[in-house]
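K.L.:
Chains C and V are the protein sequences, given in the same order.
Going by the working numbering, the first sequence opens with residue 1, and the numbers climb by one from there.
Going by the working numbering, the second sequence opens with residue 1, and the numbers climb by one from there.
Keep in mind the hints are simulated off the structure, nothing from the lab.
All C-beta atoms in this analysis are idealised placements derived from N, C-alpha and C, irrespective of residue type, glycine included.
Partial chain V-side listing against chain C, Cβ under 7 Å, derived: (1) Leu24; (2) Pro26; (3) Leu140; (4) Gly285.
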Amino acid sequence: MLIAVVVAFPLYWMVLSAFKPASEVQSSNPRPWTLNPSLDAFRPVFDHQDFGRYFLNSLLVAGTVVVASALIAFLAATAVTRFKFKMRTTVLIMFLVAQMVPVEALTIPMFFLMRDLGDSVPGIGLNTLGSLILSHIAFSLPFAIWMLRGFVKAVPESLEEAAYLDGASRTRFLWQILFPLVLPGLIATSVFSFISTWNDFLFAKSFIISATENSMLPMALLVFFKDEGNDWGGIMAASTIMTIPVLVFFVLAQRRLVSGLGGVVKD
Amino acid sequence: MSAVAKGGRRGGLGASRWTPWLYLAPALIVLAALLVYPIYQLGLISFLEYTQAQVSGGEPATFQGFANYTELFSDRQFWEVLVATLVFAAVCVLSTLVVGCGLAVLLTRIRAVSRLALMLAALGAWATQAITGSTVLVFLFDPDFGPVNKMLVWVGLSGFEDFSWTYDRYSAFALVLFEVVWCSFPLVMVTVYAGIKAIPGEVLEAASLDGASNWRVWRSVMAPMLRPILVVVTIQPIIWDFKVFTQIYVMTNGGGIAGQNLVLNVYAYQKAFASSQYSLGSAIGIVMLLILLAVTLIYLRLLRRQGEEL
Chain C
1 MLIAVVVAFP LYWMVLSAFK PASEVQSSNP RPWTLNPSLD AFRPVFDHQD
51 FGRYFLNSLL VAGTVVVASA LIAFLAATAV TRFKFKMRTT VLIMFLVAQM
101 VPVEALTIPM FFLMRDLGDS VPGIGLNTLG SLILSHIAFS LPFAIWMLRG
151 FVKAVPESLE EAAYLDGASR TRFLWQILFP LVLPGLIATS VFSFISTWND
201 FLFAKSFIIS ATENSMLPMA LLVFFKDEGN DWGGIMAAST IMTIPVLVFF
251 VLAQRRLVSG LGGVVKD
Chain V
1 MSAVAKGGRR GGLGASRWTP WLYLAPALIV LAALLVYPIY QLGLISFLEY
51 TQAQVSGGEP ATFQGFANYT ELFSDRQFWE VLVATLVFAA VCVLSTLVVG
101 CGLAVLLTRI RAVSRLALML AALGAWATQA ITGSTVLVFL FDPDFGPVNK
151 MLVWVGLSGF EDFSWTYDRY SAFALVLFEV VWCSFPLVMV TVYAGIKAIP
201 GEVLEAASLD GASNWRVWRS VMAPMLRPIL VVVTIQPIIW DFKVFTQIYV
251 MTNGGGIAGQ NLVLNVYAYQ KAFASSQYSL GSAIGIVMLL ILLAVTLIYL
301 RLLRRQGEEL
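Sequences and hints are given; from them, build the entire structure.
P.N.:
Here is the structure:
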């Protein structure tokens with residue numbers, strides 16, 4: 001119980017500070033409660049810097065990435081678990097190695113790539129949300145495939161044979177039988193791609209240079225850090241708003257997540 | 001691999017040889033374009049003279065051979081950062097595993113209410129992203145307004161009145177360590193907990209009837225049975241912690257005073273974007289890639305030794 005308190009304390013303090021009046025946040029005598037909760041800290045967040053816009057941008061990018069990478073990863077995971085072909089192990093190892101790539105180091109060439117792409121294909125160059133979506137799909141795929149593998153494997157082979165004997169086509173089996181069975185796993189996997197995308201401030205910082213209307217949520221947080229002293233109330237309020245969607249997503253996915261990870265374990 | 005006949009396949013009726021490749025195609029195309037190609041570019045840049053003049057001025061880049069690497073390897077700071085990264089990542093991974101496994105064992109022994117509370121708290125920590133988590137911790141440990149120092153003083157520890165955690169190198173690293181463990185132990189905890197639940201109860205009962213201590217039960221009964229899981233949950237923290245970026249960047253303000261808290265990833269970023277030495281930054285990236293590649297090979301060997309098939 002005590003451990004639960006310690007683990008939850010930072011979150012509690014974040015929400016608490018968001019609702020404290022400014023004088024109490026910047027007080028040298030911090031108290032673990034507040035007698036006059038106020039929404040003052042939230043006001044500059046909503047007024048300032050198109051916070052709502054950033055929020056929608058982040059939601060749009062994360063949503064697209066989650067759906068797209070789940071579908072692509074599902075197909076790839078099926079390929080490497082339900083087929084045996086010559087390069088199977090090589091492809092698998094490649095996916096594992098791809099996870100190791102330090103994203104931050106790749107920002108430099110990615111930046112040039114996006115710059116050049118933008119010249120030929122409008123919509124995915126620098127300063128666009130498309131560039132962020134594409135990069136995040138690429139970086140969440142390897143882990144998603146690696147994780148989904150266990151779920152696809154867990155579906156018994158006899159089921160597949162039975163489906164074909166009943167005359168189901170390959171495509172039909174894939175989407176109408178395998179897909180629903182793997183769905184819990186897909187949701188568990190989505191949690192990871194959602195978090196990493198929602199979290200990102202590196203790509204947003206590097207690719208979105210001039211078109212600030214296409215910026216992402218974490219960038220808005222940085223506005224409250226000032227040289228002359230950080231606006232902690234605003235930071236905590238913005239952080240709280242940023243955490244809520246992830247928490248919602250987590251609570252929705254929680255049961256499947258735990259049973260899903262159990263599934264990986266049994267494998 | 002050995003079981004696969006040459007060109008052999010399995011997978012029901014009418015499976016053509018190309019079907020798996022058709023399924024793999026979207027993933028491979030995306031990865032080739034956005035991962036393999038940039039890595040190739042990264043390697044290329046690390047052999048070139050590449051600065052602001054080449055980026056925006058369109059000046060031709062000249063081939064340097066290994067000059068960037070020699071410059072890097074003769075820089076004392078690089079070695080310091082490399083050692084710091086390795087030690088820091090190792091400490092992070094170990095702490096995450098110890099905390100995660102310890103709490104997973106604890107979860108199996110406490111009452112349902114406490115278990116739910118701990119589970120929810122862990123999920124909350126998990127849901128908090130690196131950037132918000134780091135920010136909140138910086139605030140908690142703030143020398144002026146943070147409650148942690150006040151609590152330490154209240155408990156009776158002296159010297160914490162105006163203690164700045166980010167000023168000293170080791171306390172700053174400790175702070176980052178705390179954040180990293182805080183947001184990555186839930187994965188280990190939940191997975192290991194699910195694994196322990198899968199161990200038949202009789203086995204554990206028999207062990208404690210035989211008078212084995214808690215530590216003994218973990219070491220001799222649980223750990224061997226959980227080994228496959230432990231192997232799986234170890235690799236993720238290793239990958240994450242070696243590449244730690246956001247936490248260091250946010251909490252120590254880009255690498256700490258005079259770069260005392262730099263790790264490789266932040267170092268590469270600073271070199272490339274703060275001082276426009278893109279080729280040096282790329283060279284550091286390549287070094288990181290090679291180290292992680294070595295780790296992957298060791299990991300694969302471990303998997304194989306366990307007789308696990310990919």
